[in-house]
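Below are the chains, spelled out letter by letter.
Protein chains: 2
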Amino acid sequence: MKTKDRIVADALLLFNEQGESNVTTNHIAAHLGISPGNLYYHFRNKSDIIHRIFLQYSDHLRKSFTPATGSANASPAVWFHYLDAIFYVMWEFRFFYANLNDILQRDPELHLQYLAVQQELTVNLQALLREMNAQRVLAIPDEEIEPLTEVLRMVVSFWVSYQSAQSMTPRISQAVLYQGVARVLLLLKPYFHPEQGLELATLMTHYQALGAAPSDPFHK
Amino acid sequence: MKTKDRIVADALLLFNEQGESNVTTNHIAAHLGISPGNLYYHFRNKSDIIHRIFLQYSDHLRKSFTPATGSANASPAVWFHYLDAIFYVMWEFRFFYANLNDILQRDPELHLQYLAVQQELTVNLQALLREMNAQRVLAIPDEEIEPLTEVLRMVVSFWVSYQSAQSMTPRISQAVLYQGVARVLLLLKPYFHPEQGLELATLMTHYQALGAAPSDPFHK
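Top line first, the protein sequences correspond to chains P and L. Numbered according to the numbering used here, the first sequence spans residues 1 to 220. Numbered according to the numbering used here, the second sequence spans residues 1 to 220.
Certain hints may be false.
When the alpha-carbon atoms are kept at most 20 Å apart in a straight line, the in silico EDC-like pairs for lysine to aspartate or glutamate are as follows [unchecked claim]:
| no. | chain 1 | residue 1 | chain 2 | residue 2 |
| --- | --- | --- | --- | --- |
| 1 | L | K189 | P | E17 |
| 2 | L | K189 | P | E150 |
| 3 | P | K46 | P | E17 |
| 4 | L | K189 | L | E120 |
| 5 | P | K189 | L | D48 |
| 6 | P | K189 | P | D107 |
| 7 | L | K189 | P | E144 |
| 8 | P | K189 | L | E144 |
| 9 | P | K46 | P | E144 |
| 10 | L | K189 | P | E146 |
| 11 | P | K4 | L | D48 |
Rather than coming from a laboratory, the hints here were simulated on the basis of the structure. Computed from a predicted structure; not experimentally measured.
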C-alpha cells in the first residue's frame, strides 16, 4: 500500500473512531509512524484528505445503487446488495454523517461535490424504484417515487445524527446502523407488490437481527 | 408582557432568524432596548434563556400530541390538528432543529430534559397510532408501530438539518417545512385503512400546496 493510500486509510479510521474534529494531520502522521513533513508531501491539509475520502464515498454510492435490470430485481440477492450497501456507506463513512452539516458548511468545494453526488444518487434511486415497479416487485404510485426517494436519502443521511441525539452517551455501533437499514426496509414494506415472490419477512428478520446484536461481530 | 417574557420572545425570534450561535445576550438586550444588566437580572446566561424556550417546546409537544379519543380520530380536523402541530414545532423552534446535536451536547442538563420529553412524546405518538388503528382509520401492523413512530420523530427532528445540507444557500422557509409535513403524511399514507372515510387526498393536496408556496404568506 502506497504512503498516500495509507494516509487516507488511517485518516478514515481515526475520523470514524475519534470524530473528525478531534483528529489533526499530526495525529494521522503519528498513527502511521511518519513525519508531518512526509504527510504534507502528499496532502496540503486535512481538508485535502477529506476530499480524497469523499471520492471513495462517491464511488461507492455510484457503483452500489446503479439499478439492476430486468428480472434481477425480483431476486432477494439484489435486495441484500442494496441494503448491505446502505449499511456499508453509513458505517464506513460514519464520521461524515456524524457531522454532515458542519463539514459541508466549512468547505464549499466539498459541498458542491456533495450536491452533485446526491443529485446523481437521486436519479439512480428513482430509476431503481421505477425498475422495481416495472418488474412488479414494488407498486409505488408514480407521484410518490420522488418524495419517497427523498425520505429514504434523508433517513440514511441523518440516522447517525438522530442516534447521537437519542442518548447522553451515544455509541454508533454496527447494530445501531443496521437498525437504520431495517427502517429503510420498513418504509418500503407497504409498497412491496402483493404478488412478488420475494421473502420480505426473511429480509426484515435478517436486518432486525443484525440491529439487535448486543455486540459487533464484524467490528474491525 | 413582562420583561422576562419579552426577553424569551425576542431571543427566540433572533435565534430563529440569525442562528442561535450568532446571537449573544448583548444582542438580545440591544434588540429589546434594555441594558445587559437588566437582562442578567432575569437570566444568568444564554443557556438559561434556551432552557426557558425549551419549556415552551416541551409544553407544545405535550399538549399537541395527546391522542384524541374515540371517533374524533376519524375526523379530518384531528389530522389538520396533528399536522399543523408538526409544522408549528418545526417552524417555531427551527433554530433548535438547525443545530440540535450541538445544542444538546454542550448542555447535559438540557439533553436530559430533551430525552425525557422525547420519551413522553414517543409514548403519546404510539398511543395515538394505536387509537387510530382501533378506530379503523389506520391499519398499522402492531409490530410496526414502534419503528414507524421512531422514523416519524426522526424525519421531523432532522428535516431542517437535511434541508441545510441540500443547498449551498439553504433558506428554511415555511414552504420547506410544510414539505416535511407532507413527507410525514406520505409515510403514513400506505397505512390508511381502505374503508376510512377521511379525505386523505384533500389532506395531501393541502400540505403539498403549502410546501409549494413560492412565498410565505404567514411569515412573521
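Verification of the hints:
1. L:K189 - P:E17: 39 Å, violated
2. L:K189 - P:E150: 16 Å, holds
3. P:K46 - P:E17: Given pair K46 of chain P, E17 of chain P holds - Cα atoms ~16 Å apart, limit 20 Å.
4. L:K189 - L:E120: 25 Å, violated
5. P:K189 - L:D48: 44 Å, violated
6. P:K189 - P:D107: 37 Å, violated
7. L:K189 - P:E144: Between K189 of chain L and E144 of chain P the Cα gap is close to 10 Å, so the pair holds against 20 Å.
8. P:K189 - L:E144: Measuring from Cα to Cα gives roughly 10 Å; hence the hint holds.
9. P:K46 - P:E144: Distance of about 40 Å is beyond 20 Å: violated.
10. L:K189 - P:E146: 15 Å, holds
11. P:K4 - L:D48: Outside the cut-off at roughly 48 Å; violated.
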